[in-house]
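Colleague: Chain residues, written in single-letter form:
2 protein chains.
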Amino acid sequence: MSETRKRIVTATGELFRSQGFNGTSLKQVTEHADAPTGSIYHFFPGGKEELGAAVLRESGAAYQQLFELIADEAGDIVDAMPAFFNGAADALEETDFIDICPIGNIAREVASTHEPLREASVSVFAGWTEAIQTRLAAAGLDAAEAEALANTIIAAIEGGFMLARARRSTTDLRATGTHMQQLVAAALA
Amino acid sequence: MSETRKRIVTATGELFRSQGFNGTSLKQVTEHADAPTGSIYHFFPGGKEELGAAVLRESGAAYQQLFELIADEAGDIVDAMPAFFNGAADALEETDFIDICPIGNIAREVASTHEPLREASVSVFAGWTEAIQTRLAAAGLDAAEAEALANTIIAAIEGGFMLARARRSTTDLRATGTHMQQLVAAALA
Chain A
1 MSETRKRIVT
11 ATGELFRSQG
21 FNGTSLKQVT
31 EHADAPTGSI
41 YHFFPGGKEE
51 LGAAVLRESG
61 AAYQQLFELI
71 ADEAGDIVDA
81 MPAFFNGAAD
91 ALEETDFIDI
101 CPIGNIAREV
111 ASTHEPLREA
121 SVSVFAGWTE
131 AIQTRLAAAG
141 LDAAEAEALA
151 NTIIAAIEGG
161 FMLARARRST
171 TDLRATGTHM
181 QQLVAAALA
Chain B
190 MSETRKRIVT
200 ATGELFRSQG
210 FNGTSLKQVT
220 EHADAPTGSI
230 YHFFPGGKEE
240 LGAAVLRESG
250 AAYQQLFELI
260 ADEAGDIVDA
270 MPAFFNGAAD
280 ALEETDFIDI
290 CPIGNIAREV
300 ASTHEPLREA
310 SVSVFAGWTE
320 AIQTRLAAAG
330 LDAAEAEALA
340 NTIIAAIEGG
350 FMLARARRST
360 TDLRATGTHM
370 QQLVAAALA
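These protein sequences, in sequence, are chains A and B. Heads up: the first sequence begins at 1 in our numbering, then just goes up one per residue. Heads up: the second sequence begins at 190 in our numbering, then just goes up one per residue.
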């Protein structure tokens, strides 16, 4: 990947996190990325929407890799739950509650107005669902149950993330990880 | 409450839902509310932040009343869970997946940048937590457990809401309601 393209995507992700999609202009992106004017359209001929979709897909893939890593380390999907939620909680605390994940808020901001971005967020969520579902199914759940539970876990971490940032406290996010652990253990029992 | 003030708050809520806080200008609010220029500062001397905080508090209170109504109708807090999630799912479908709740996305958008709005969202979430916690405690949970579980339920509905809007499907949101019912039943057992 070109260094300039990478800088543009990183800068856009950072701006999205603090200002959202609508609050971010391409001029700000070029400045923040220290990229030549016009370079955005070189890499993203579809402009802001295409760039935004790339940011969602690339940060979504990074979070999925992080989940896989945490789940591998935890050893089983039951213990992966608190590890996953505590990892998100630690990251929030370490960054002083900066929004470390641009996907959830962009998804909410653009769901009714920017179809290509909505579609990009759907494909990110589908990847996450599949990653958790695969591990739940390997532990013994049938496919439909595994999918539904995977979605609840994603809903809980996204919503828990929002509450933690608003409250500037990770206590509830960690407790939600324990609740998800109980739910997964009960489903597998 | 003055009719003009009410029109301003309603119009701002609608604009926040489709464009977010940063994407909405006071000029758009005046036009959308059909309100005289200058009237925003008459009712909200603190400008956009004070107006935004009022929108959060007033829609937050309306959602809390709706929850109380659904919980009263369901009769107990276990059955209130699917009723609550299915009610949100029905509302999403009826409005063709418009963002019916401006609180979650504004909370994410402004958590690091607009302190008065972050505080307003925290007080809305505290009201919701207390409403659910009170019913969980009345059903037999101790206060700390009731509070933690109430927060997980709010996280799950906020995150589930985001997934449902992105996917334009309420299937997962309804399944999450069933998972929350299981979690509440297990906690009370």
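Incorrect hints may appear among the rest.
If we take Cβ atoms under 10 Å as the criterion, some of the chain B residues that face chain A in the derived model are [to be verified]: (1) GLY209; (2) ASN211; (3) LEU215; (4) LYS216; (5) ASP285; (6) ALA300; (7) GLY316; (8) ALA320; (9) ALA326; (10) ALA327; (11) ALA337; (12) LEU338; (13) ARG357; (14) THR365.
Simulated pairs of lysine to any residue, SDA-like, Cα-Cα distance not exceeding 25 Å [to be verified]: (15) B:LYS216 / A:GLN19; (16) A:LYS27 / B:PHE286; (17) A:LYS48 / B:ILE287; (18) B:LYS237 / A:THR113; (19) B:LYS216 / A:SER18; (20) A:LYS6 / A:ASP79; (21) A:LYS48 / B:GLU334; (22) B:LYS216 / A:GLY23; (23) B:LYS195 / A:LYS48; (24) A:LYS48 / B:PRO225; (25) A:LYS27 / B:SER301; (26) B:LYS237 / A:LYS6; (27) A:LYS48 / A:GLY87; (28) A:LYS48 / B:ALA374; (29) A:LYS27 / B:GLU334; (30) B:LYS237 / A:ALA62; (31) A:LYS48 / B:GLU239; (32) A:LYS48 / B:SER301; (33) A:LYS27 / B:THR302; (34) A:LYS27 / B:ILE287; (35) B:LYS237 / A:GLN65; (36) A:LYS48 / B:ASP261; (37) A:LYS27 / A:ARG168; (38) B:LYS237 / A:ALA83; (39) A:LYS27 / B:PRO271; (40) B:LYS216 / A:HIS32.
No lab work stands behind these hints: they were computed from the structure. Glycine included, each C-beta is placed from N, C-alpha and C at the ideal position.
Colleague: For a C-alpha distance cap of 25 Å, please report whether B:LYS216 and A:SER18 respect it.
Modeller: Distance of about 23 Å is within 25 Å: holds.
Colleague: Is A:LYS48 close enough to B:SER301, meaning Cα to Cα at most 25 Å?
Modeller: 23 Å, holds
Colleague: Grab the minimum C-beta distance from B:ASN211 to chain A and call the hint holds if it beats 10 Å, violated otherwise.
Modeller: Holds, because the Cβ-Cβ distance from B:ASN211 to chain A comes to roughly 3 Å (cut-off 10 Å).
Colleague: Is A:LYS48 close enough to B:ASP261, meaning Cα to Cα at most 25 Å?
Modeller: Roughly 47 Å between the alpha carbons, so the hint for A:LYS48 and B:ASP261 is violated.
Colleague: Taking 25 Å as the top limit, are the C-alpha atoms of A:LYS27 and B:PHE286 close enough?
Modeller: At roughly 32 Å apart (the allowed maximum being 25 Å), B:PHE286 and A:LYS27 break the hint.
Colleague: If you draw a straight line from the CA of A:LYS48 to the CA of B:ILE287, is it 25 Å or shorter?
Modeller: 22 Å, holds
Colleague: So, B:GLY316 near chain A? Judge it on the closest CB pair being under 10 Å.
Modeller: 13 Å, violated
Colleague: Holds or violated: A:LYS27 with B:SER301, Cα cutoff 25 Å?
Modeller: Satisfied, since the Cα-Cα distance of roughly 22 Å is no more than 25 Å.
Colleague: Given the proposed pairing of B:LYS237 with A:GLN65, does the C-alpha separation stay at or below 25 Å?
Modeller: Not satisfied, since the Cα-Cα distance of roughly 40 Å exceeds 25 Å.
Colleague: Would the pair A:LYS48 and A:GLY87 pass a check requiring their Cα atoms to be no farther apart than 25 Å?
Modeller: With Cα atoms ~31 Å apart, A:LYS48 and A:GLY87 exceed 25 Å; violated.
Colleague: Hint check: is the beta carbon of B:ALA337 less than 10 Å from a beta carbon of chain A?
Modeller: 4 Å, holds
Colleague: Does B:LYS216 hold up as a contact with chain A if the rule is Cβ-Cβ below 10 Å?
Modeller: 15 Å, violated
Hints 3, 4, 7, 8, 9, 10, 16, 20, 21, 23, 24, 26, 27, 28, 29, 30, 31, 34, 35, 36, 37, 38, 39 and 40 from the earlier list are contradicted by this structure; the remaining hints agree with it.
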